[in-house]
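Trainee: Here is what each chain is made of, one letter per residue.
Number of protein chains: 2
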Amino acid sequence: MKQSGLGGGPQTLRLMNCAAVLRAIRGQGSARARELMRATGLSRPTVTAAVDQLIEDGWVEEAQTADHDLPRMGRPARVLRFRANARYVVGVDVGPNRVQCSAADLNGRIVAETRLTVSDQSDPEALLELVTTGIRDVMARVPIPEGRLAALGVGTPGVVDARRGLVVRAPSLPGWDGLDLGERLGRHVDCHVHVENDVNLAVMAEQWSGVGSAADSLVLVQWGARVGGAVLVHGRLHQGAHGAAGEIGFVELAEEPAAATPDGLGPLESRVGTSWILRRARDLSSGGYADVGEVLHAAGTGDATALRAVDEACAHLARGLAPFLAAVDPEIVVLGGGITRAGDVVLDSVSRHLARRTLVAPILRLSTLADDAVTLGALRLALADAERRLLDTYAPSYSTTAAEEIARGTLP
Amino acid sequence: MKQSGLGGGPQTLRLMNCAAVLRAIRGQGSARARELMRATGLSRPTVTAAVDQLIEDGWVEEAQTADHDLPRMGRPARVLRFRANARYVVGVDVGPNRVQCSAADLNGRIVAETRLTVSDQSDPEALLELVTTGIRDVMARVPIPEGRLAALGVGTPGVVDARRGLVVRAPSLPGWDGLDLGERLGRHVDCHVHVENDVNLAVMAEQWSGVGSAADSLVLVQWGARVGGAVLVHGRLHQGAHGAAGEIGFVELAEEPAAATPDGLGPLESRVGTSWILRRARDLSSGGYADVGEVLHAAGTGDATALRAVDEACAHLARGLAPFLAAVDPEIVVLGGGITRAGDVVLDSVSRHLARRTLVAPILRLSTLADDAVTLGALRLALADAERRLLDTYAPSYSTTAAEEIARGTLP
Chain A
1 MKQSGLGGGP
11 QTLRLMNCAA
21 VLRAIRGQGS
31 ARARELMRAT
41 GLSRPTVTAA
51 VDQLIEDGWV
61 EEAQTADHDL
71 PRMGRPARVL
81 RFRANARYVV
91 GVDVGPNRVQ
101 CSAADLNGRI
111 VAETRLTVSD
121 QSDPEALLEL
131 VTTGIRDVMA
141 RVPIPEGRLA
151 ALGVGTPGVV
161 DARRGLVVRA
171 PSLPGWDGLD
181 LGERLGRHVD
191 CHVHVENDVN
201 LAVMAEQWSG
211 VGSAADSLVL
221 VQWGARVGGA
231 VLVHGRLHQG
241 AHGAAGEIGF
251 VELAEEPAAA
261 TPDGLGPLES
271 RVGTSWILRR
281 ARDLSSGGYA
291 DVGEVLHAAG
301 TGDATALRAV
311 DEACAHLARG
321 LAPFLAAVDP
331 EIVVLGGGIT
341 RAGDVVLDSV
351 SRHLARRTLV
361 APILRLSTLA
371 DDAVTLGALR
381 LALADAERRL
391 LDTYAPSYST
401 TAAEEIARGT
411 LP
Chain B
1 MKQSGLGGGP
11 QTLRLMNCAA
21 VLRAIRGQGS
31 ARARELMRAT
41 GLSRPTVTAA
51 VDQLIEDGWV
61 EEAQTADHDL
71 PRMGRPARVL
81 RFRANARYVV
91 GVDVGPNRVQ
101 CSAADLNGRI
111 VAETRLTVSD
121 QSDPEALLEL
131 VTTGIRDVMA
141 RVPIPEGRLA
151 ALGVGTPGVV
161 DARRGLVVRA
171 PSLPGWDGLD
181 LGERLGRHVD
191 CHVHVENDVN
201 LAVMAEQWSG
211 VGSAADSLVL
221 VQWGARVGGA
231 VLVHGRLHQG
241 AHGAAGEIGF
251 VELAEEPAAA
261 TPDGLGPLES
271 RVGTSWILRR
281 ARDLSSGGYA
291 DVGEVLHAAG
301 TGDATALRAV
311 DEACAHLARG
321 LAPFLAAVDP
331 EIVVLGGGIT
341 RAGDVVLDSV
351 SRHLARRTLV
361 APILRLSTLA
371 DDAVTLGALR
381 LALADAERRL
391 LDTYAPSYST
401 TAAEEIARGT
411 LP
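If you're matching them up, the sequences are chains A and B in order.
The working numbering applies: residue 1 is where the first sequence begins, and numbers increase by one.
The working numbering applies: residue 1 is where the second sequence begins, and numbers increase by one.
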């Protein structure tokens, strides 16, 4: 029989009670002792002792009670709430063109953002320097003092070994192959650093706060100049045995595989990405569009030439996506990234082409997270770690459960 | 705080103790009281009472002790073992050409088998009749008396709604679309019937007793006249949102999707299945091979024409499999089914073609389960249910854990 983790003396029990009370306060937003007794099954003196300890440790504070609660007989009951700003987390989206950083409190509320443009795309050290600048900048804006950053989450394109914080292969970031990103960033911050593939973070964001919430299985296609994918199965991220699950951009459909492209694009993304769409729309119109934004906007408003370029890309994407979906048979397929600027015409077109190629047509949705998907996912990854460490300080046996609940979106 | 399930009176506790002792005996094969005390943390009188109850209920028996244990002071200690033949399970593999049934005891030891050939492939009721004949036949061979069959597992091709026991779509079994197979077979047996896609069962068998044991993620390609696939992720079967995960045979690679084939074959399987290989080898040799077995054997022994036909099929399979694997990035890819008769040349060829099409080359293995993969998986499914129900009779709170342990191969 498996034993519960209730070994140890009265000190262990006191810490377990702190963890239980803390989780009850987190779950309810704010609460009085009576509500905490009900939620935890603990006695009033035990709850009071735990609350006092949590206040002393800085995780809980007394909220101002509203006037209409007064006057009452005797002393008014304390309303307790979690000090969400006791610590912060930072999420970073590293891309070939820009670095985006967001800071959030422990309730996941975003309190600062910064976006930096990459000037020299060929210098790997310059990009790393830009990332640390972005982190410093977003921390200064809050401000987050030294020691109050609980965790850092970083999303980066390519194949990532999340366990080791390693960029294994990053075709779009010159010189980053093999970069120990977790260690390099760890030199600049006093907290744990989590590195993950950017599209994996975006799919976590879809589950957390996007159109994919509550889905048990979900495929995200992040479609911009590059095209990446990520897979949620059994309600959680599937990274793959080599961290490469979901890499749809490198799908090769031709009978004879093409040679590698000079820009590091995979076979599918080089044929359907937004750069291809722009080229194709210009070819069809003898150079009529200023940029891809104009093409996508035009397609969304019914421009026949732009629609044709988008539809050709959708047809080709469906060819690569159909066998991909045959493996997963997901509840929902979410299309995210720059392509969403064209709106529903993309959904309609992909849906039409997929219907002819799949045994079961999936539900298709457009992401609503725009450019923020990766930083949101990075914040979520950092928050899960912060929550785990917070509860760890009281009762280590709680940590796994809490991390799982965050992953499911039950907390915070 | 989550409470443990230790509510209820002394009767509940006695049943919990029975379940704990039963699991300890199952885990150790056979055991003396002293070993059971150590494994469960229960006192000698409690263990003795539980053992007596389990003997009375027919789940445990005293084994004959070996002579060298004697003579001893006082009464020799009883050696207790699980009565694996107290109940049986039956696993069935339903195919368009044959029906295979196996019976096993509660330790998963196969005690009888029967194989029947389908004579009229166009009559759905005749096939159903053949299945019930097979089940009756294999039960008579053991024999398994009425009431001693604990569970029945059935594998069938196509899209299956496992929860409802429904054949949703079965292109290779005429007239079975929409068949309520669980209910129909339930009329003939006095136990729970579990219906699952045949390749899903084969992948469970690979994890249970095949080359995929211990893999956290695994893709099986079951390659015969038809080509099916199944996916294990996070250590367990992924059925997909519509029960269609892994259906690689219906992958469509052509720019223009082909019309449905008259034989119900999907686009990929009609171009790589063993029927195609036979046709191709005959074309290349002006009708030189008697059957596909001869082609595969010839390829295995270096015959250039047979090798070419097999290699062309492998090249095309790799085209469809690469995007499929891009979604999953599995630890291992297992090739099973009739194709394995060609041996390592198939591995070499698929591996070579995949290497040019995948970001990360997977580990490829040939299945060693031959024709038995589906029945083995069906037995395993039935065993997991039987184990759960057995422990349910004592302590319902145990059941989920037990089923999960069976799924992981820890039990029986």
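A few of these clues could be false.
Derived coverage of chain B by chain A (criterion: at least 3 residues anywhere in the stretch with Cβ under 8 Å from a Cβ of chain A; other residues may be distant) [said to hold, decoys possible]:
#	segment
1	102–111
2	335–345
Chain B residues, not near chain A, derived (Cβ > 12 Å throughout) [what the hints assert, rightly or not]:
#	residue
3	T12
4	A33
5	D57
6	R148
7	H192
8	D216
9	W276
10	E294
11	F324
12	D329
13	T358
14	D392
15	T393
Just so you know, the hints here were simulated from the structure itself, not pulled from any lab data.
Glycine is no exception: its CB is placed at the ideal position from the N, C-alpha and C atoms.
Trainee: Determine for every hint whether it applies to the structure shown.
Mentor: Do the hints match the structure? See the list:
1. 102–111: violated (count 0)
2. 335–345: violated (count 0)
3. T12: The assertion about T12 (chain B) holds, with a minimum of 14 Å to chain A.
4. A33: For A33 (chain B), whose nearest Cβ neighbour in chain A is about 17 Å away, the distance exceeds 12 Å, so it holds.
5. D57: holds, 20 Å
6. R148: Nearest chain A Cβ is 29 Å from R148 (chain B), so the label holds.
7. H192: It holds; H192 (chain B) is separated from chain A by about 24 Å at its closest Cβ, greater than 12 Å.
8. D216: Violated: least Cβ distance 7 Å, not greater than 12 Å.
9. W276: Non-interface label stands for W276 (chain B): nearest chain A Cβ at 16 Å, farther than 12 Å.
10. E294: The claim holds: E294 (chain B) sits with its nearest Cβ about 28 Å from chain A, beyond 12 Å.
11. F324: violated, 4 Å
12. D329: violated, 3 Å
13. T358: violated, 8 Å
14. D392: holds, 16 Å
15. T393: holds, 17 Å
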